[in-house]
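Protein chains in written order, with the working numbering: chain A, 1 to 333; chain B, 1 to 195.
Hint data in this document are derived by calculation from the structure and do not stem from the laboratory. Everything numeric in this text was worked out from a predicted model, so none of it was measured. Be careful, since some hints might not be right.
[Stated by the list, open to error] Mimicking BS3-like on lysine-lysine, the simulated pairs with C-alpha atoms at most 25 Å apart in a straight line are:
(1) B/107 <-> A/318
(2) A/295 <-> B/179
(3) B/166 <-> A/318
(4) A/327 <-> B/47
(5) A/295 <-> B/180
(6) B/179 <-> A/318
(7) A/327 <-> A/148
(8) B/179 <-> A/327
(9) B/47 <-> B/109
(10) A/35 <-> A/291
(11) B/167 <-> B/107
(12) B/144 <-> A/318
[Unchecked claim] Going by beta-carbon spacing under 10 Å, a handful of chain B positions derived as facing chain A:
(13) 44
(14) 56
(15) 59
(16) 139
(17) 154
(18) 174
From the three backbone atoms N, C-alpha and C, an ideal C-beta is built for every residue, glycine too.
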Amino acid sequence: MREDFYILQDGILKRKENTVYFENKDSRKILPINKINSIFAYGNLSFSSGVVSYLSKEGIPIHFFNYYGFYEGSMYPRETLVSGDLVIRQAENYLNSERRLCLAGKFIEGACGNILKNLRYYARTREDVQEAVGDYATSIETEFSRLKDAETIPSMMRTEGKIRELYYNALDEIFPEEYRIIKRTRRPPENKMNTLISFGNSLVYSTTLSEIYNTQLNPTISYLHEPFERRFSLSLDVSEIFKPILVDRIIFKLINKNMLDDSCFRGEIGNMLLSEKGKKIFLKEYDEKLKTTIKHKGLNRNVSYKSLIRLELYKISKHVLGVEDYKPLVMWW
Amino acid sequence: MNNEAGKDNDCGLNDLEDRPETSIHAEVFLDSVRITGVKVNYYHICKTKLWLFSHNITLEKGDDNVALGKILHEDRYKKNSKNITIDGISIDFVKTGKRIEIHEIKKSKKMDAADRAQLLFYLYYLKKRDFDAVGVLNYPLLNKIEKVELNPEDEDATEREIEEIKKIVLGSMPVPAHKKICSRCAYQEFCFCGE
Ligand code: SF4
Numbered sequence: 001m002r003e004d005f006y007i008l009q010d011g012i013l014k015r016k017e018n019t020v021y022f023e024n025k026d027s028r029k030i031l032p033i034n035k036i037n038s039i040f041a042y043g044n045l046s047f048s049s050g051v052v053s054y055l056s057k058e059g060i061p062i063h064f065f066n067y068y069g070f071y072e073g074s075m076y077p078r079e080t081l082v083s084g085d086l087v088i089r090q091a092e093n094y095l096n097s098e099r100r101l102c103l104a105g106k107f108i109e110g111a112c113g114n115i116l117k118n119l120r121y122y123a124r125t126r127e128d129v130q131e132a133v134g135d136y137a138t139s140i141e142t143e144f145s146r147l148k149d150a151e152t153i154p155s156m157m158r159t160e161g162k163i164r165e166l167y168y169n170a171l172d173e174i175f176p177e178e179y180r181i182i183k184r185t186r187r188p189p190e191n192k193m194n195t196l197i198s199f200g201n202s203l204v205y206s207t208t209l210s211e212i213y214n215t216q217l218n219p220t221i222s223y224l225h226e227p228f229e230r231r232f233s234l235s236l237d238v239s240e241i242f243k244p245i246l247v248d249r250i251i252f253k254l255i256n257k258n259m260l261d262d263s264c265f266r267g268e269i270g271n272m273l274l275s276e277k278g279k280k281i282f283l284k285e286y287d288e289k290l291k292t293t294i295k296h297k298g299l300n301r302n303v304s305y306k307s308l309i310r311l312e313l314y315k316i317s318k319h320v321l322g323v324e325d326y327k328p329l330v331m332w333w
Numbered sequence: 001m002n003n004e005a006g007k008d009n010d011c012g013l014n015d016l017e018d019r020p021e022t023s024i025h026a027e028v029f030l031d032s033v034r035i036t037g038v039k040v041n042y043y044h045i046c047k048t049k050l051w052l053f054s055h056n057i058t059l060e061k062g063d064d065n066v067a068l069g070k071i072l073h074e075d076r077y078k079k080n081s082k083n084i085t086i087d088g089i090s091i092d093f094v095k096t097g098k099r100i101e102i103h104e105i106k107k108s109k110k111m112d113a114a115d116r117a118q119l120l121f122y123l124y125y126l127k128k129r130d131f132d133a134v135g136v137l138n139y140p141l142l143n144k145i146e147k148v149e150l151n152p153e154d155e156d157a158t159e160r161e162i163e164e165i166k167k168i169v170l171g172s173m174p175v176p177a178h179k180k181i182c183s184r185c186a187y188q189e190f191c192f193c194g195e
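Extracted from the complex, chain A is given alone in its bound form (with noise of 0.2 Å):
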């Protein structure tokens, strides 16, 4: 099993023969070529000559984290695994407009059931909010019924963003004070929550960028947002499943098993940063889940986290070749 690498420091990345090691005036680290899946890159990272077209070769993408945690981009290797006739059907299902609204029906109705999960969760193991809680999931549940009669993306997406106001909305009645996140704003995040949240999301996208690299499927066509949006949409659109399972969960317990504290974070409200202990601590929580496994009925076996998005991305190339009609994962644990 390849490992996913994060590097917090700043140092170079280089090459001698075959190895690639991370070095800095600190610490010398060796990166084994066969173990890596990707890097994820959060410090400063500079390469010595050879070693972005060696790891290119050899299929590893970098993903790039500016000082903030935010996602800034890929090194993304050459396709290598090119199924012409795949790119062809992910591509009439954005042509056509009643299969893109399909498709990205099903990201919305994905990333809407493990909403309702979560919330769920907490409307049972927490007498004092059980109410509200509820309330919410029952509005989220109406807004949600509504999205078969959009017959537009846009309407789409305005929907969506209903549901995840919603569910904002409760999570504010779950979590204290120095938790709320009153309005979810994205750049620059304004309060602890929203560091949080921007965090995860960010890792999430670039995970499942990784993934799509190893499926044949076509990362810059997409269907809930915009081919254009950004280069790699189609990890936006598979991202919204898993943003509820994985970051969503992961601040739960950060918060609740009152991992952090103070020095986790940089800042203040307004410009709100996580700071490299906070970071640590996120990422390896982040990397427990991951390799957290689940009982997986259609496999018959254990599968971790991660794998559950390749067999996300699998399922969706299983839709665009005709052969089983999607459905989102929704987590039956």
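Fit chain B with the ligand to the known structure of chain A by using the hints.
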């Protein structure tokens, strides 16, 4: 095979001696579908696999079975190996002599029928090109070899298979159905990804 053709062909094959990979030209394209030995093999194993493979959907990264196949090929048969490709049909190795011997290396006898069909397909093509050839299935792990000759029934069967393969590949993806071999198939996750 008459003498003249034999001579020509011998020359052709002798030419191959110094080169690691060579093409013998043969008609393997049938209405835009390229028929290869692997496809004939997959046709017997699973139609879904045949389709996915033919559409360039490959998921073999990190599959141990594939790695073992590669090692077997590279080590044990290094000395003999000529690694010949006949218009995309790659043959494990060829021995020339009075008759051409097409050798296929297999790990086990589990896929016997498929392996045989694959070899028969090679013999069929060589026959169409006037090469008199015999097939040999090698099972290094079982320390066994088996000869395969092409008889008229096999020839008919091969022709029918080629037509069938063409139809499957040009059609839509066959819906995966559970079978015993799925657990060892590289496409398992793809086929049964639905919860
Ligand atoms: S997993 Fe089974 S159904 Fe799928 S391609 Fe392999 S053998 Fe065929």
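Restraint check for residue 47 of chain B with residue 109 of chain B, where alpha carbons must lie at most 25 Å apart: Cα-Cα ~20 Å, so holds.
Between the alpha carbons of residue 179 of chain B and residue 318 of chain A, is the straight-line distance 25 Å or under? holds, 19 Å
Would the hint linking residue 295 of chain A and residue 179 of chain B be met if the CA-CA limit is 25 Å? holds, 20 Å
Pair hint residue 327 of chain A and residue 148 of chain A, alpha-carbon separation not exceeding 25 Å: holds, 15 Å
Holds or violated: residue 179 of chain B and residue 327 of chain A, Cα atoms, limit 25 Å. Holds: residue 179 of chain B and residue 327 of chain A sit about 23 Å apart, inside 25 Å.
Does residue 318 of chain A sit within 25 Å of residue 166 of chain B, going by the straight-line distance between their CA atoms? Holds: residue 166 of chain B and residue 318 of chain A sit about 21 Å apart, inside 25 Å.
Take the C-alpha atoms of residue 167 of chain B and residue 107 of chain B, compute the straight-line distance between them, and say whether it is at most 25 Å. Distance of about 30 Å is beyond 25 Å: violated.
Given the hinted pair residue 107 of chain B and residue 318 of chain A, is their alpha-carbon gap at most 25 Å? violated, 31 Å
Going by Cβ atoms only, is residue 44 of chain B closer than 10 Å to chain A? violated, 21 Å
Hey, does the residue 56 of chain B contact hint survive, CB to chain A under 10 Å? With Cβ-Cβ at 4 Å, under 10 Å, it holds.
Check whether the Cα positions of residue 35 of chain A and residue 291 of chain A lie no farther apart than 25 Å. holds, 15 Å
Let me know if the C-beta of residue 59 of chain B comes in closer than 10 Å to any C-beta of chain A, holds or violated. holds, 8 Å
When the structure is compared with the earlier hints, violations turn up for hints 1, 11, 12, 13, 16, 17 and for no others.
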